[in-house]
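> Chains as they are written, first to last, in the numbering used here: chain X, 10 to 220; chain R, -9 to 191; chain H, 20 to 425; chain G, 15 to 338.
A couple of the hints might just be wrong.
Listed next, the in silico DSSO-like pairs over lysine-lysine satisfying Cα-Cα at most 30 Å (straight line) [claimed, not checked]:
1) R/K134 - H/K112
2) H/K107 - R/K134
3) X/K163 - H/K112
4) G/K83 - X/K163
5) X/K32 - G/K51
6) X/K71 - X/K118
7) X/K163 - G/K79
8) H/K348 - R/K134
9) H/K348 - X/K124
10) R/K134 - H/K379
11) H/K348 - X/K71
12) X/K98 - X/K178
13) X/K124 - H/K379
14) X/K183 - X/K71
15) X/K98 - X/K124
16) H/K112 - X/K124
17) X/K71 - X/K98
18) H/K352 - R/K134
19) X/K124 - H/K352
20) X/K105 - X/K124
Footprint (simulated), chain R over chain H, 3 or more residues, beta carbon under 8 Å [said to hold, decoys possible]:
21) 101 to 113
22) 270 to 277
23) 281 to 293
24) 356 to 370
25) 384 to 391
26) 394 to 406
Which chain H residues stay away from chain G? Per the calculated CB distances, all over 12 Å, these [to be verified]:
27) T219
28) H235
29) S238
Note that these hints are calculated values from the structure, not bench results. The model shown is predicted, which means the values in this text are computed figures rather than measured ones. Yeah, the Cβ is synthetic: ideal placement off N, Cα and C, and Gly gets one too.
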Amino acid sequence: MASIFRTIADLWSLVVGLAITGKEFCRPGVTVHYPRAEVTPESAASFRGPIELIGLDKEPAKPRCIACMLCVSACPSGCIAVTRAPAPKPTPEELKAIAEAEARGEKPKRPAPPKAPGTWTYDFSLCSLCGSCVEVCPVDSIGFSNDIYMVGTKREDFVFDQLARLARKAAARKAEPKPAAKPAPSAAPEAAPAPAASPSETGAATPASEA
Amino acid sequence: MTPETASVTPDVLLAPLDPAYLADENPARTGLRWSAFLAADALPRAAALLLEAGWHLEDICGLDVREGLAAVYHFDRMAAPGRLAIRVMVDRDAPMLPSIADIHQGAEWHERETADFYGIAFTGNPNPAPLLLPEGMEGYPLLKDAAARAPLAALLAVPGREDTVLRKAEGFTLLEPAEDAKPAKAAKAKPAAGEEGSDNA
Amino acid sequence: MHSADTLRSRPTSCPAASADGGCADDQIAGDGYTCRFERGARPESLILNMGPQHPSTHGVLRVLLELDGEYIVRAEPVLGYLHRMHEKMAEVKNPAQFMPNMGRVDYLHALAWNWAYVGAVEKLAGIEIPERAEYLRVITCELNRISSHLLWWGAYLLDLGAFTPIMYAFDDREMLLDLLQLMTGSRLTYSSFRFGGVYTDASPAFVQGVRQFVPHLRSRLPMYTALVTENIILRRRIEEVGVIPPDMVTRYGASGPVARGSGIAYDVRRAEPYSVYDRFDYEIPTRAEQCSMARYMVRMAEIEQSLRIIEQAIDSLPEGEHMHPKAPKPSFKLPAGESYFAVEGARGKIGVWIASDGGKTPYRVKLRAPGFSNLALFAECARGTLLADAVAILGSLDMVIPEIDR
Amino acid sequence: MNATISFDSVLHVVLALVGVAVFVGLNGLLLVYAERKVAGFIQRRPGPYEVGPQGILQAVADALKLIGKQLVRPDRADPLLFWMAPVLAFFPVLLLFLPLPFSPLLTGWDVNLGLLLILAFAGFNVLALLLAGWGSNNKYGLLGAARAVAQSVAYEIPLLLAVLAIAFQEGTLSLSSIVATQGSMPWQWNIAVQPLAFLIFLISALGETNRAPFDLPEAESELTAGFHTEYSGMGFGMFFLAEYANMIVACSVCTVLFLGGWKGPFLDGAWWFLAKVYALLLAMMWFRWTFPRVRFDQLLNLNWRWLLPLGVLNLLATAFVMKL
Chain X
10 MASIFRTIAD LWSLVVGLAI TGKEFCRPGV TVHYPRAEVT PESAASFRGP
60 IELIGLDKEP AKPRCIACML CVSACPSGCI AVTRAPAPKP TPEELKAIAE
110 AEARGEKPKR PAPPKAPGTW TYDFSLCSLC GSCVEVCPVD SIGFSNDIYM
160 VGTKREDFVF DQLARLARKA AARKAEPKPA AKPAPSAAPE AAPAPAASPS
210 ETGAATPASE A
Chain R
-9 MTPETASVTP DVLLAPLDPA YLADENPART GLRWSAFLAA DALPRAAALL
41 LEAGWHLEDI CGLDVREGLA AVYHFDRMAA PGRLAIRVMV DRDAPMLPSI
91 ADIHQGAEWH ERETADFYGI AFTGNPNPAP LLLPEGMEGY PLLKDAAARA
141 PLAALLAVPG REDTVLRKAE GFTLLEPAED AKPAKAAKAK PAAGEEGSDN
191 A
Chain H
20 MHSADTLRSR PTSCPAASAD GGCADDQIAG DGYTCRFERG ARPESLILNM
70 GPQHPSTHGV LRVLLELDGE YIVRAEPVLG YLHRMHEKMA EVKNPAQFMP
120 NMGRVDYLHA LAWNWAYVGA VEKLAGIEIP ERAEYLRVIT CELNRISSHL
170 LWWGAYLLDL GAFTPIMYAF DDREMLLDLL QLMTGSRLTY SSFRFGGVYT
220 DASPAFVQGV RQFVPHLRSR LPMYTALVTE NIILRRRIEE VGVIPPDMVT
270 RYGASGPVAR GSGIAYDVRR AEPYSVYDRF DYEIPTRAEQ CSMARYMVRM
320 AEIEQSLRII EQAIDSLPEG EHMHPKAPKP SFKLPAGESY FAVEGARGKI
370 GVWIASDGGK TPYRVKLRAP GFSNLALFAE CARGTLLADA VAILGSLDMV
420 IPEIDR
Chain G
15 MNATISFDSV LHVVLALVGV AVFVGLNGLL LVYAERKVAG FIQRRPGPYE
65 VGPQGILQAV ADALKLIGKQ LVRPDRADPL LFWMAPVLAF FPVLLLFLPL
115 PFSPLLTGWD VNLGLLLILA FAGFNVLALL LAGWGSNNKY GLLGAARAVA
165 QSVAYEIPLL LAVLAIAFQE GTLSLSSIVA TQGSMPWQWN IAVQPLAFLI
215 FLISALGETN RAPFDLPEAE SELTAGFHTE YSGMGFGMFF LAEYANMIVA
265 CSVCTVLFLG GWKGPFLDGA WWFLAKVYAL LLAMMWFRWT FPRVRFDQLL
315 NLNWRWLLPL GVLNLLATAF VMKL
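Next comes chain X alone, as it looks inside the complex (with noise of 0.2 Å):
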């Protein structure tokens, strides 16, 4: 008889677990519908994104990276590359010196290759966002972009230029803060506005412009 007394007590539970269904039936929803609604920039300021290059101070165009190459030696994944930039191509008074100095027989002085990158690619789709390139650093020229909202429909979508990128970035960055204005006739030829340049276009971005 207490059984039976006890099964009845028992299936109040279920009453309860209905009220509780029916209440959060009339509450409102919590998902963020994505195309309608997007995760604010707060919440998506401390998401490690893919890597992106930071530039220069006064140049946000060109990277701070050396190419030192200890990112690519650090990356557990394998997924950047990067290759120096060629020395520049001697003027001709440096050739004339260059040929003096070979036929007397000494070792001609050849303009020293840039500090900078040639070409830096990532491929996102190996990467899993561990940081060390970012840590291992030594000009900080590596960040973290908070890019939530990236796709693709193919592989090589994922594979970036990412100096391309960088001036792509650093473009939209000029353009932006004075909207009302007419946008500056591009200081760069290359920073002319073209969201969806491809990497290949883009990749004049940074010529070796030093020497």
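Assemble chains R, H and G onto chain X, guided by the hints.
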């Protein structure tokens, strides 16, 4: 398991099995409390004694070293924590060990895993099928090239380990530092690790 | 006794296979596991492959079942569908490079694995950690434990046929992930502990968020209890189902809530105190019932205990560095020697054993996964139960297959 | 049966069948949408949202998808049984709608044995599930089918006992007469007189229609999808429709027997009937998204140990009172 058995230390427990080597370790340095070298055929008996005293098997790690293959059995106690590493040497040409899966049932999978990775056969395992690797796969992934093998002493007998050797059989030379065992490097790195290691702030 | 030769060669896919790969007529077609399992089965029983794709094997676990009606006569888990050979990867990467793997072994309690590996390396190399980093590790690891338990809770109810709780759990878990993202930058596969500290310092937003989250979750727990824990259907489903006596725990080396649900007060945080856990006041919840409900209750109680730890840790969070100034560079060399470091993960004792010969990469790394030992006892525990009970037992063991297969 | 079979009555029945088919089809869409919205709101998400305003066309899109999908039969499945099962699951259900009195005028086929007709044809469903499970040559399907048979057979008994209590009380098996004897006000409905029978009926109806928490024949966390594991496209769609059609029938019968059918406090009519049916359907959905699933032995225990004795007691009590 009774409180009395829980307090029995492995040196007493394993004494009848005549371990070739038994040391009292400093857990702050290695995470181990005791370590021992046993003969392969003493393993089931040791496992039974340990189970009786409330020890459970944590894992079985294979090891490919210059002296041959080795298996390290880590045991721990829930009632009186303290880790015991039992090491057993295995002949590289006929890698066989007696299974302890009939004593510690949990060992079945650990043994199958070790068999997968090192090709050590555990005789008496109730289900000696591959566990993690596919059937019919060639090769054993964790075996090392002859050139890459380190002597056992280079791994387990580094200077400054501060273990107190409780027993050592005549002719037990496994932990004698080999001539080319790079002792200098180990010795250099060690002083940095003081008494207050990372384990207790 | 087998000869060494037969044992060394791996069994072929099917003992009864003919040349074209098919099985003999009296055997059901299948791979070697099915064929081997088939032998000795009673003729009238049903051999059922539950998994590797099955809604309640949580990923790709496969369980071979011999059924008599719906009663389980025999069960044999078949692993390896998610095996990634992390231990080999550990031997070819330097310790810093191996860290991202630690977020992917047990993706539900990634920080515990982070900690186990970082701890083993720190112990071996004698690296010191600033106090603030210890506290931050405790806070994030406990937050991660709660998120793991919340997900388990929802998924377990899903196994038992209730669809709604997982959504409520995710609602709360989402806040946790926001907090953990502030500290680690990721939401699931954290790789945020470093040798000698943690990756980022706690921002005021994080501290404030944690302070708000603790009372929030506390206020939600009574709802969880009323909706689920006290539900009579749930209680009848899991009470006295899957009884695991303490001796079974010892024989299989099970740990975590599985051991504590069997009345064994074993928790690595107490048994082998690491970090600053000895400074906090918290309990090790245990239950004497040994059944699935006991494991359920232990996990629910652990959420509360973790909240207690977080609360104390955030209140006493010391100022200072989050990385030790003498922390090694990522490319540092491990000194020779061995070290074993165990931490308490959401599923039990996580152990990492590193043996190093002083080379660039560790000589051998062993990852001791708690789920591996916990799942091993399933075969014995499920014998004689109903199919639906097997689902309840599997769920109560809280498996994460990537961790078991490693 | 006193109706002489005339051309008129045949025409009436045929028209009614067409109407029922349309009704069932539309309701299938509506209920799928409602079920998903209810689930969404209970779980605090929007539910279907993208197809049409508020996702209202989602069910249509799903139906089109199901129709467009290839019908796949497993290699070793029995073709005849395999394809017969969904047909057998769906079409007999349409017949069940015929005797339902939506309003005094809106009745497909007002027979004086309407209740009996419904109970008799409802048995077809279990046959369909059995054939589906057996015919698909799948172990999960077989287990699901076995569960379905045991469950249906068991739950039919308390269902009958509950229905019988009403039939005793009313002295008729004609559904419209049962409604007619009830009053307009809620306290004049049979539920006020026979609350126990109502509860037994409701629980048994959940069991008969395989709805959560009694959805054991398809328990997806145990049997993946139970008897319809192997069905794709409209094969699955038919089972799906049949499940919702069965739910409507069960709720309709419940409305007729216990909730006063088309009668309400004001303005009697079919809309009262529909309102009550949909309220019951909503309750069924509410149960589904709140409770865990029971275990199979518990399901049968509940039936044999609780519902059956209670049903018999209730019947005896009713008979006793009627005798007085």
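> Taking each numbered hint in turn, which are not upheld by the structure, reported in ascending numerical order?
none
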